[in-house]
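J.: Read off the chains here:
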Amino acid sequence: MPRPGLVLDVDRSTPPVLFNHGEQLRLEKLPAGRSRIIYPAEPLEPLADPDGAIAHALAHPIGDSEPLAALLRPGMKLTIAFDDVSLPLPPMRAPDIRQRVIEAVLDLAAAAGVDDVMLIAALALHRRMTEDELRHAVGDRVYDAFAPHGLLVNHDAEDPDNLKEIGTTRHGEVVEINRRAAESDLIVYVNINLVAMDGGWKSTATGLSSYRSLRHHHNVETMEHSRSFMDRHNSELHRSNWRMGEVLRDAGIKVFQIETTMNNDVFGTTGPLAVLQKREWEWTTRDRVAVHAMKAGLDRMPAGARRNLFHSWRAPHAMTSVQAGEVDAVHEVTTANVYAQHLVPVEGQTDILTMGLPYIGPYNVNSVMNPILVMCLGLGYFFNLYRGRPLVREGGVVIMSHPTPWDFHPVHHPSYIDFFEQVLADTTDPRVIEERYERQFAEDEWYRHLYRTSHAYHGVHPFYMWYWGAHALAHLGRVIIVGGDRAAVHRLGFTPASSLSDALELASDTVGPHATITHLHNPPILMADVT
Amino acid sequence: MTPEPSPHPAPAGPAPDVAGALEGKRILITGATGFLGTNIVERLLRCVPDCEVVLLIRPGRRSTVDQRLRREVLRNDAFDRLRNELGTDAFDALCDRRVSAVAGDVTTNGLGLDDAGQAVLASCDVVIHSAAAVSFDSPLDAAVEVNLLGPTRIVETLGSLGVTPHLVAVSTCYVAGSRRGNAPEQHVADSPWFVDLDWRSEVDAARRARRDAEADSRTPERLEGFRSDARREIGAAGTPLLAARTEQLRARWVADRMVEAGRSRAASVGWPDAYAFTKALGERALLENRGAVPVSIVRPSIIESALAEPFPGWIRGFRMAEPIILSYARGLLKEFPGVPEGVVDVIPVDLVTAAILTVAARGPLDTSDVVQVASGVANPLRYRRLVDLVSGYFTQHPLYDRKGQPIVVPTWSFPGRGRVQAQLKRANDTLGRAERALSALPLRGRQAQWSADVETRREDVERALGYVELYGAYAECEALYEIDNLLALVDAQSDEDQRTFCCDPRVVDWDDYVRTIHLPSVVTHARVRTTAGADRGPDRTERLRRQVLAPERHLAAFDLENTLIASNVVSSYLWLASRHLTGTDRLRLVADALRSAPGWLSMDRRDRSDFLRYFYRRYDGAPLDQLRADADGLLSDLLLARAFPGAIRRVREHRRLGHRTVLITGALDVVVEPLRPLFDDVIATELGTDAGRFTGELLSAPPTGETRAQILMDYADAHDCDLGESVAYADSTSDLPMLEVVGFPVAVNPETRLSALARKRGWLVENWERANGSPRGVLPLSGRWSDDRSRTPLLRRLVNASGSRSDDAGRTKAARR
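Protein sequence lines correspond, in order, to chains D and E. Just so we're aligned: 502 in the working numbering is position 502 of the first sequence, and the numbers increase by one with no gaps anywhere. Just so we're aligned: 511 in the working numbering is position 511 of the second sequence, and the numbers increase by one with no gaps anywhere.
In case anyone wonders, no lab produced these hints; they're calculated from the structure. One thing to keep in mind: the hints can contain errors.
What the hints assert, rightly or not - Short, incomplete list of chain D residues facing chain E, as computed with Cβ under 8 Å:
#, residue
1, 302
2, 368
3, 408
4, 410
5, 417
6, 442
7, 445
8, 446
9, 454
10, 455
Stated by the list, open to error - Just the calculated beta-carbon pair ranges, DEER-fashion:
#, chain 1, residue 1, chain 2, residue 2, range
11, D, 160, E, 676, 17 to 25 Å
12, D, 29, E, 396, 24 to 32 Å
13, E, 628, D, 141, 50 to 58 Å
All values derive from a computational prediction rather than experimental measurement. Built from N, CA and C at the ideal position, the CB exists for glycine as well.
Full structure from sequences and hints, please.
T.: Quick look at the structure:
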């Protein structure tokens, strides 16, 4: 029976805590008497027979839906949309959940005599997936059967011929999605719900949509009113997506939603990285030696080699639930299953929130965690992993640990480079940025060309990363990055510190010398249920 | 020191005051665009009412003599005083009334005068000849034509016109030659130490030396040498540019030889340099040829900035002491030879002018007289004192280096000239070797700057060496120039003239002159940094960048390889070729590429165009549609992965500013096709096709060297763009022709040679780098590709190409033999 997450009060006997630090590690001693550490729950037991569970879910849908087999008939147009390379994190060991689900769906479709089937990676404004990534997600068998015939494609949010405006929400939000999907008799959406933000109507209304549609909820106003965007019922982002879902439903677009959840077994219980998800006071001598050796090795390794090493890691995390059927009903169950793994009850807010940022976020799979993504991972994702109230009080301080190198992937993140060099050099205020620069980047022909023909994130994507942190920026008194490239950290508008103790000294200017400290021990992912 | 009062005759006496004597006279002046000449013109206009000034001016290549008069004489700050006193309009009216210019040239027999000019010359009452080749390192023949033959040509022309105005010829004290002790005001030939030379044979010899040098410079061995020097300097920049540079190097070699000829000939007969030598023979020739023309010779010593007239510190151009002083203040001259107790004979320019005008006013004597204007006897400035004054001044008012730090001036220990020269020569040789070694390395961008830095250091040392060689003799000169005649003139002056036309060297207070007059003036004119702290305003690079990105620019042309991306035709070929290869075929491709690489490299260095032609044969038979299909993969995998984000941003900045952007590249059109949306236009190399396959033959000359420039010119024409308002970006000297045709060239990550050129010419240099975090593979090979296994790999072509490659190599070798 896996143990639940816990909050540990730090005293003199608490050993140094492991901080992820990009592709490196830090061991930090937190001040006794005023610090606490939130540990995630241990990985839930995975489904013993995932394929059986999938078949069962397809045959026994939730909510107002017939079983999938009953929805399939010869001559119909079927589109299978699936989550892109940003999920799960890190990429999982083969076979990928999507492969299992898609193969099950295709088996049913074949049995029903459906021959007009198209697979679309629902990547919205993310970069197009490469052949290797697609193969990993859907499996070689599916890839070889569909891709050469042009039936396995990346969604193209800039292809005017392949987008369709469905309607407008009661809030005046334009709903525009992939034309092939919109004109299909059935969309089967294959989802991986890594965090509570994922899934639901967001899958279709965001994953298959365009900039015209996305800008209604991917903006500063929405993000500042999503508290948090990990808590769908308190998230303006989700309310907007659900409104769009209504429009889709009312337009007669049929979506059969298949959602899956996974446990948080990212580093495994055996193997070289297993120690990274063990609690420090339970480390054996062997673990301690392993951590120190690993740290020393990583510190001496060239950055490129370090990056390759970590990004080649395929996590053993596994499926804990699968549910299918009507979007709303499915998503309620899914969310409960996600919470079962992630939620850790925490009493009260803190003055200082510390976090060690890992090497990976949703937008740098097989890529580079550039400074903008560092900001987004810390202030967008980790900060928002709360339900109820933010972990850190208003006016408090976030201290993140990450090397924050001035590094960018020139193919994946070309508009990020210009955003960093031009936009952030001018201002870091999300609202000013939105007003002054968003349109220029969003409608830029060159970025559009790269998004469509190369593997670049859309020109507007770095703006969304910045908006993701808008709630945190408005809430916090100060942001400090430990061990980061000074110039890059300054460009982000944050304060660089060379060590955690320096960072705590700097933080005392904002929150006083006896401030309380909470450390978010992540990864694996946890979500704080703050009361 | 004040002049001793002298009994002054009454106005009716034999010495009328200068202004009075010259009033209403027409005075012809040669060398008016020079330092002394300008000062004379100014003083005449301001202090001698109603005299008329005629300037003999050589027409410029693009300007008439009137333009030169206005621009190069009257606009000089010497005239500010008079202009302020009179007001601009009155000043202009005065100039119109009293100053005129005649086209003429003292290096031409008959002075190159037309009839009108001759008439003007014939009507002059006084001729002041101050034109001279004053540079101590003039080529021998140039010095001979101006300094030796100039005065003679004047008197001969006067003779042929049948007129006899008073000729005041300006010479130099140093005609006395390198010697110690007193040098009286006597004719050159009267000196007991004069080596009797026939000036005519010296003229012949100088002219012959020029012909010999010209002939010598055209021997096949020399021409080959200049050619290879030019190639070393600018690389494979194409035949026309290489030819132009080769010819420049040849001309410079001839000039250097003539300078050397002058220096050695002068030294062999006892003069410190060609200037003094030719001046001395010039005096000799003048006296021999003067016929009935009455002649007075005025010999100043080293003329420096004005003591008082038109204002303290007035100077025009830097000549002798100034560059040395500045080099010293910049800390570049660690040592300088000289005899500390020796006299540095310096004389302010306004004293010389006054002496000349006093001589002119006095009129000719029965015999041609000599007046020396020097300070060494009456009011000596010792070398050690001068050095102390200069060093004290710059210790108190230091110059600042580029980082805003004060420069500490060195302490001189007055070693012998030989030792200083030996030291500098050693340093020069070492730096030269370092420079050659660096330039042989394949450095780019910031590293290429090392080489440029070494070059700067070497040039500094070379300059120091030049100063020591040229001027060392003057610091060691121990001659004392007697000024009895000058003092007699002073004595004869009225009180009024002693003030207005003061030519008494005893009035100079050297400490005051050096510290408060001369050095501040030198520092102001040199535009050196005299304030501490880093620059507040935009630095040079930022200023140039703003010019390049000014909205009014028309066109921005870009090279591709190493300008926008760190890639080349070989990389894109390897990527495309490996796209459909697996296993051993891949290995064979890599092995072949590695084996051929050195050959490709040297071929590319020799001639880029040949290399491209040769290399593109590898594409023979490659299927066009497959290459097109692969181009998108190439964009992500190779072009973007190796792109310089700063460069891409720059292209887009130009477009945003409304400039037309064009990519001109030797890369294949299919390869750069995915980059098309970045530019308004793309001009790339096209290969011929046959039945959907490449033939491996180029459709037109590859855009390299002058072809690239021509393409850009045609493009600008077709789109109505002004190249003078256009920008070009390139990385290598093979792009030099393109860079040279635009108004705003930008060197991007320049290799060593281009880096040096860009620095010399003040071009903007951009060092753009790949993004940190770019994927870095050792070899530009494509990843696994399995979309369609039926596609033909390019390998067949590779094997064919390597077969023909050895043939080609053989042919090339044979051709070179």
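J.: Confirm or reject each hint.
T.: Hints, one by one, checked against the model:
1. Hint status for residue 302 of chain D relative to chain E: violated, with the closest Cβ pair at about 10 Å, above 8 Å.
2. Given the 8 Å rule on beta carbons, the hint for residue 368 of chain D holds: about 4 Å separates it from the nearest Cβ of chain E.
3. Residue-level restraint check for residue 408 of chain D holds (minimum Cβ-Cβ distance to chain E is 4 Å; threshold 8 Å).
4. The closest approach between the C-beta of residue 410 of chain D and any C-beta of chain E is roughly 4 Å, which is under the 8 Å cut-off, so the hint is satisfied.
5. The interface hint given for residue 417 of chain D is met, as the beta carbon of that residue sits about 4 Å from the closest beta carbon of chain E, less than 8 Å.
6. Taking 8 Å as the C-beta cut-off, the interface hint given for residue 442 of chain D is violated, the closest approach to chain E being about 15 Å.
7. With a cut of 8 Å, the hint placing residue 445 of chain D at the interface with chain E holds, because the nearest CB-to-CB distance is about 6 Å.
8. Proximity of residue 446 of chain D to chain E holds as hinted, the smallest CB-CB distance being about 6 Å (cut-off 8 Å).
9. For residue 454 of chain D, the shortest C-beta to C-beta distance to chain E is roughly 4 Å, which falls under 8 Å, so the interface hint holds.
10. With 8 Å as the threshold, the beta carbon of residue 455 of chain D comes within range of chain E, its nearest partner Cβ sitting at about 5 Å, so the hint holds.
11. Look at residue 160 of chain D against residue 676 of chain E: about 19 Å separates their beta carbons, and that is inside 17 to 25 Å.
12. About 58 Å separates the C-beta atoms of residue 29 of chain D and residue 396 of chain E, a value inconsistent with the hinted range of 24 to 32 Å.
13. The hinted window of 50 to 58 Å between residue 628 of chain E and residue 141 of chain D is violated, with their beta carbons roughly 30 Å apart.
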